[in-house]
Amino acid sequence: MSEPIILGSPTDAELGDQLLGTAWRRPALGEQRWWRVAFGIAGALTLVLFSLITYTVTTGIGLWGNNIPVAWAFGIINFVWWIGIGHAGTFISAILYLFEQRWRTSINRLAEAMTLFAVMQAALYPVLHLGRPWFAYWLFPYPSQMETWPQVKSALPWDAAAVSTYFTVSLLFWYLGMIPDLASMRDHAPTRRRRIIYGLFALGWNGKASTWRHYRAAYLVLAGLATPLVLSVHSVVSSDFATALVPGWHSTIFPPYFVAGAIFSGFAMVLTLLIPVRAIFKLHNVVTQKHIENCAKLTLVTGLIVAYGYIVEWFMAWYSGERSELYQAWIARPTGPGAPLFWLAMICNVLVPQLFWWKRGRTNVYLLFAASLLINLGMWSERFMIIVQSLEREYLPSMWASYAPTWVDLGLFLGTLGFFSLLFLLFLRNLPVVALSEMRELRHDLEHDAERKEAAAHV
Amino acid sequence: MSERLLAEFPDEHAIAGAIRALRETDHRVLDAYTPFASHEVEDALARRPSRLPFAVFVGGMCGAGGAYFLQWYLVAHLYPLVVGGRPPHFPVAFVIITFEMGVLFASLTAVIATLVVGRLVRLTDDVQGTAGFETATRDRFWLAVMSHGPGEPLRELLGKLGASRVETPEVA
Amino acid sequence: MSHDHDHDHDHDDHDGHDGHDDLDGLDRREMMHLLAAGAGLAGLGSIAACMEPPTERIQPRVEDPPELVPGMPLTYATSLPLDGFAVGVAVTTREARPIKVEGNPDHPASLGATTPLHQASVLDLYDPHRTKGATERGVPIDVASLLRGFARRERIRGLWFVMPPQSSPLVASLIDRVRARHPGARFATFAPLDRRAVYQGAAAALGRPLEAQYRFDRADVVVSLDADFACAMPNSLRWAHDFAARRRISSPAGEMSRLYVAEPRPSPTGSLADHRLAARPSRIPAIARALFAAVRGRPAPTGELRERRWINAAAADLAAARGRGLVVVGDRAPAELHALVHALNAEIGAFGATVAFTPPAILDPLGDGLPEVADAARAGQVELLVIAEVNPVYAAPELAPALIGVRDTLCLTHEASETSARARWTVALAHPLEAWGDARAYDGTVSLIQPMIRPLHPSVSLAEMLAAFAGEEQPDAHRLLLEQHRVAAPDDLGWRAALRRGFLENTELPAVEVTATEHDAEPAPASGYDLSFDASPVYDGRFAGNAWLQELPRPQEKLTWGNAAIASPATARALGADHGDVVRIKRNGAVAELPLFVLPGHADGCVSLELGYGRRAGGPIAEGVGVDVYPLRPYGRGFVTGAVIARTGATAELAVTQQHFGQDHRDVAPAASLAWYRQHPRFTDHMWGPTATMLPVVEMEPRLQWAMTIDTMLCTGCSSCVIACQAENNIPVVGRRGVVRNRVMHWLRIDTYRAEDEGDVEVVNQPMLCQHCEKAPCEYVCPVYATQHSPDGLNEMVYNRCIGTRFCSNNCPYKVRRFNWFDFTGGSRGTTLALQHNPTVTVRARGVMEKCTYCVQRIRAAEITARVEHREIRPGEVVTACQQACPTGAIKFGALQHAGTDMVTWREEPRHYAVLHHLGTRPRTVYLAKITNPRPEKP
Amino acid sequence: MAALYPRWSNTVYRLALLGILLGAASAIAGPMLYVRSTYNTSQFTPYEQPVEFDHRHHARDDGIECLYCHSAAERSSNAGVPSTGVCMGCHAQVYKDSPLLATVRQSYFTGTPINWKRVHDLPDFVYFDHSVHIARGFDCSACHGDVGMMARVEQVQPLTMGWCIDCHTVEHTTLPNDAWEASMQMLITAPTRKPEITSLVTCTACHR
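Protein sequence lines correspond, in order, to chains A, B, C and D.
Mapped onto my numbering, the consecutive letters of the first sequence carry residue numbers 7 to 465.
Mapped onto my numbering, the consecutive letters of the second sequence carry residue numbers 914 to 1085.
Mapped onto my numbering, the consecutive letters of the third sequence carry residue numbers 670 to 1608.
Mapped onto my numbering, the consecutive letters of the fourth sequence carry residue numbers 7 to 214.
Mixed in with the good hints, there may be bad ones.
Unchecked claim - Restraint ranges, calculated between C-beta atoms of paired labels, are given here:
{"id": "1", "chain 1": "C", "residue 1": "ASP1247", "chain 2": "A", "residue 2": "TRP363", "range": "41 to 51 Å"}
{"id": "2", "chain 1": "A", "residue 1": "TYR148", "chain 2": "B", "residue 2": "HIS1002", "range": "45 to 55 Å"}
{"id": "3", "chain 1": "D", "residue 1": "ALA30", "chain 2": "A", "residue 2": "LYS288", "range": "22 to 32 Å"}
{"id": "4", "chain 1": "D", "residue 1": "TRP14", "chain 2": "A", "residue 2": "TYR148", "range": "36 to 46 Å"}
{"id": "5", "chain 1": "C", "residue 1": "ARG806", "chain 2": "A", "residue 2": "ALA50", "range": "54 to 64 Å"}
{"id": "6", "chain 1": "D", "residue 1": "ALA35", "chain 2": "C", "residue 2": "GLU1538", "range": "41 to 51 Å"}
{"id": "7", "chain 1": "D", "residue 1": "LEU28", "chain 2": "A", "residue 2": "TRP363", "range": "39 to 49 Å"}
{"id": "8", "chain 1": "D", "residue 1": "ASN121", "chain 2": "C", "residue 2": "LEU743", "range": "21 to 31 Å"}
Keep in mind the hints are simulated off the structure, nothing from the lab.
None of these values were measured; they are calculated from a predicted model.
All C-beta atoms, glycine included, are put in the ideal place defined by N, C-alpha and C.
Assemble the whole structure, with the sequences as input and the hints as a guide.
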């Protein structure tokens, strides 16, 4: 067995105190300086976000840098980037659960929380980037007295269905997984006030065996459902571009290429969040070196798939014989307006993950943290390359133009980063960061394996 | 007259042994309360596997079928506008929302079924108030047993089977 | 429930007219106000919309005039004069207010077409910044009492009038009456784009000042010496029509005319040229002399190779086409050059064949000009100076100090101008659409001007002002007009027929037999850089307050909102400056700093400057846009030499609507020579015909299928279709910053593609509008059915259903969909501008896509009329606004089932092609490739 | 430890959850009901006009044709409201000095138009054409109800898009020009919706 996934053999009680203790340890998070600074910055950026939303809704999308032909820019880049980050959480908690990758148990709740908060940022943009956001409800088939309905041949109602389904299923999966832990917190929180609050959310859980039986069946089924869902959601997001006619958009590689890119940038964000949280809450015994290494390995794998996606894009552009495709892939992107972001994407998405071939690369925590930030920067500029650069150099040379963001664009993007951090900090403070009941189950399984191995060794 | 007792066991093996032992007697084993989903206890109780997945399948199919019908009814029947030279009824385009709604309704069915069947939409229940019962969500394993006759003989039997504590459930 | 903005949008400082786009104009106060409202608005947004909408009111007329049915448009004929020459127009009115100017098909100077200035004139009528009533030294006074005051005065000494060139018989008789009442009164004419040289040249060569009437429909070979006859000369509409009639071929076997053009700056006529020579204006006289010599058999020795080859080729063709050739010279040429060209035309037998001479329609063309007024003013002889419709303080800075010296000045002006600011009295000028009057067309036809609406503000027309000085206490232009044309009573049948026709029949001036005497034009010494002064989209500056014209992209440069120093790449290299660098131009003490605009095809050693910018008065639209270049221009000169140009190191942002002019091997706008077309008639076949598709054919209710055919061989790029579309469909203006950010709203744009091979620049103008594709890529991506296909083949855009995802604009390969980034139309709500809106077209709100609809309001109106009259729609009954305005008739619209119409016959020509045909969108707009007719062996 | 929650808290908890669900549902259903209610469609609200014009007297008792006053309806998209001149056509002689007609006389002699309130008000982006509907044989009552019975004109039909579409998608031939019942009858007995886009249902039939 390679490195253990739980160091030392903590008893259930010790596990309980350590993992639930993150919510009420002394000194409480609230008093620590770094927490107050982080919370202050995140709160300020969230305020900036909502005031810029109001300003955009009341004044018009003209405040952004969008123009004709580049009608989509920061709005849709941020949407695809955030929803991409969201997919690693479900990948870890659902797909790795089906593959019985037991190391996923200690990081699945943190990843799933990251998914929820990322999808909340993503879901903001499809409504905010509309010219008339107050009619966004026309995307849903409500009984309208105008007897007009959404047009389901377009990729945007698919997006609406996919993103809302994804958010709902992730929320249910995350909450279902947390009910037993909330029950533990209801029973062992230090103050009565906290226990009443946790009790409200624990739905009266007390670990009845018959309920566990249904619970485990539901958990397995949800994991089974979430797996095709996460693959379909980012394929649908890629269909926003794949079903279009724009040179550089309509290629069949997009669904797998976008899903791989999503999981790639998702794992980068998991690493970005996991490394500091592990240090703050000293979870080294449950989030061991093996977890970090596995995340790095999966980042490398998905990074290579993304690199393959780029190669197919260039090859198909040349192979199609269509001048506008060739010009887009071979001339417009590397040398046209916005070329620096193209090269940034290539460096960060293709070269940086190659560090993870070496063990030192996969285990040096500081290197990993830096690499994860670069990868997410690279994935953002890849979306910029796909969306904005393709629209800048389209079919008719007479309508070639260039795009530049405005301060409202940048403010909104930083605002979403702030709002995401705010939600994540609140999650760290109030909810158990690691899935306690699953860790206990894991510990007991490991013990059974050890006993069976010894029994087999004696025979 | 029969009496209900709650016994606390220090670990998995103890409670599993006790359950197997009690099944031979004519005392009725009501339910076990464990801090995590322990396989041993489950095997010992030997209850029917949960039929929840079947309900989820039905929920999923209803969601998918309903979504496809709704799309066809609205887009191809009520107001069959032609876009992009595509015929109003265009099954290829309906597939995605059908799949998404199938997954959504399946997931909703799964969670709602769990809450309903597990009778989870509550804040407290009959055993919650028993003294010391909070260890059920920490590291101890509790067993609820209905005694056949008076409670006393069951109490000793549980003691012999390794129960570290036996309580009568408080009806708060 | 619709969410209409309950709070008015003008809470910020500037006038909403040019759209809300001042990003950096956000002040702190507004930011805090929004922050506070931020939290509340999200919740209140939906509730605010539920408040009861105010009940609308209906106010019927007190007395119903029989012909006025509410909701039905009425079209009246009138004329729009410009510097003395009138063009007959037909103005559509709704509820007794003019909304759209169209050409008068019967009028000889229009034949149904209009120029951008005519289309935009309706906006000037409703300009909220017009002068209203009269003021004396800034104090408002009553117009009638002012006129009565002048009417009562007799024998005023030192009475001078300055007005634009006049051709109106009514004005002529009034001038005589004023001279009778005030002996010694002098009448001077002033026009920045002066045509005095034309008449001086004619007088020198032909004996007396005559007007040349060209017959381009008979000319097989046309040589244009710096003459943009298809777009920027007084009779351009008629000449463009005639030239196109002779030029167009409907099959490879057709015979084309050949056009030689020598000009400094690429112009609309130059874009159609078979042989175009980029020549400095100072070289044009030399070229003309060499051409004259070559026609007489002595090939020209002077000039460098390209010039000589061009001259020899032109001379050869002119000699070969004796009696069917024509040489035209631009109005701004010096008098001797005009004389020389008359002699040249006589030499090639053009007299009586392709050119005839008539007495000029202009009254007293060689009479007093502004210099005479200035001399008299300096000599103190001017007591009372009446300046009407012109702005000499701005447009003649050399002579302005003398004019400002005059004590009593009366200024009759359309908007507050630099001249009216210094006048003692200012009186509002009546717009031609709200006044009675008459004027002669270029060929002399007396065209009538009748009001479409009661004057919006107390104002006076020039005729009424002259009548006041002639002693009339209550001058009434209508009565004066009736007396002038000896009409007994207003309801006289003959007079009503004339008003309905728009002009008096066969009043064109008779041709005069002349012979031309020999003249020579010695070329000006070429030192330093030449400066050539052109008319701009705002003409000479009088239309600078017109937002449509300010935002109209120039035909070749696509520049809007302001002017630039236009030069060739070689000149830019010589100056060491690049596109957008600000250069300082100095000549005889006058200085101007403008951004440099590098334009391939422009003549070297010469810079083109456009008049009409840098206005210091005239309303918020006019003031401060572009740079005033009049100081560099000596009075009345078309071009000057000896300018010194240097880089200043600063750069400036050029608001252009098209930035790339190459076709990048994509065969978007194919062009070919006639010889090559005859060898490969089917050279555009790869861009035609059905495309493979997996999609099943969709059957819809069988109805007329609307389509459009555009012949790029005739499109000069003059852009009157762009403004016609803007006037018809309530298209807003986005302002300079909006254009810089690629947010222009025009539904129809002219894409110009340039190809350079060894020095010659081939130009193709391609009007690009919604193609109404049968497999429209924009339709299947709209999530809310805001755009879909109608049974009669239209790609419909429903503004009230659009939520503004803008996916349709991304997916349109032609990029013809526009988006309302801000509330562009809010500024006009509640002002007189709203009166111009076409009530049959929705005025779009913020956040909504819009695009060309093939004028669907006209199609549906024809459909409804046909259904009410229980008949089918007749071929040619539906005419789109762009088709109507096009001088060369390059745009044809109609139904595919109407086999006889031009639209269908043109479609079957072998040179037909669809733009981006290989994408399988199956556009309904079909183009015809441009064919040029160079000499078989390239000279 | 003492029980954290009393027994009755379960029912309170379930009621609270139910309340949240119902609240969300009503937030969605509420606007839908409001949109269909007469508050939004402004139906059945008789408007108080500047002149007490009674259609019952003119249209029913005196049998004056609709098109006499609203003459534009046959030729134009806009039906038009009669000018003061049309009123004075009769009222110069009939009821010459009745106080009810003071406003009409004052308007006629001073030249200021009467400021009527618009009863049937479609949104500005809808282009309804009277002449083509009358040409197809529709009677005014089909959309305006039986104005002859109304003291003050009120809106009878919802005039919502759904209402127009129901009529436009039904296969019908030209109507006999008779009263209100026939046109309404046609609607009720009409066969079910014919699922095809005709020139009546394509969007630019009404939105341009």
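Each hint tested on the structure:
Range check, ASP1247 (chain C) to TRP363 (chain A): Cβ separation about 48 Å, and the 41 to 51 Å hint holds. Restraint check, TYR148 (chain A) to HIS1002 (chain B): a C-beta distance of roughly 22 Å breaks the suggested window 45 to 55 Å. Between ALA30 (chain D) and LYS288 (chain A) the Cβ separation comes to about 41 Å, which falls outside the hinted range of 22 to 32 Å. Distance hint for TRP14 (chain D) and TYR148 (chain A): a CB-CB separation of about 38 Å, consistent with the stated range 36 to 46 Å.
Between ARG806 (chain C) and ALA50 (chain A) the Cβ separation comes to about 57 Å, which falls inside the hinted range of 54 to 64 Å. Separation of ALA35 (chain D) from GLU1538 (chain C) is about 48 Å and conforms to the stated range, judged on CB atoms against 41 to 51 Å. For LEU28 (chain D) and TRP363 (chain A), the hinted distance range of 39 to 49 Å is not satisfied, since their beta carbons lie about 57 Å from each other. Roughly 25 Å separates the CB atoms of ASN121 (chain D) and LEU743 (chain C), a value that falls within the hinted 21 to 31 Å.
Hint check: violations occur at hints 2, 3 and 7; the rest are consistent with the structure.
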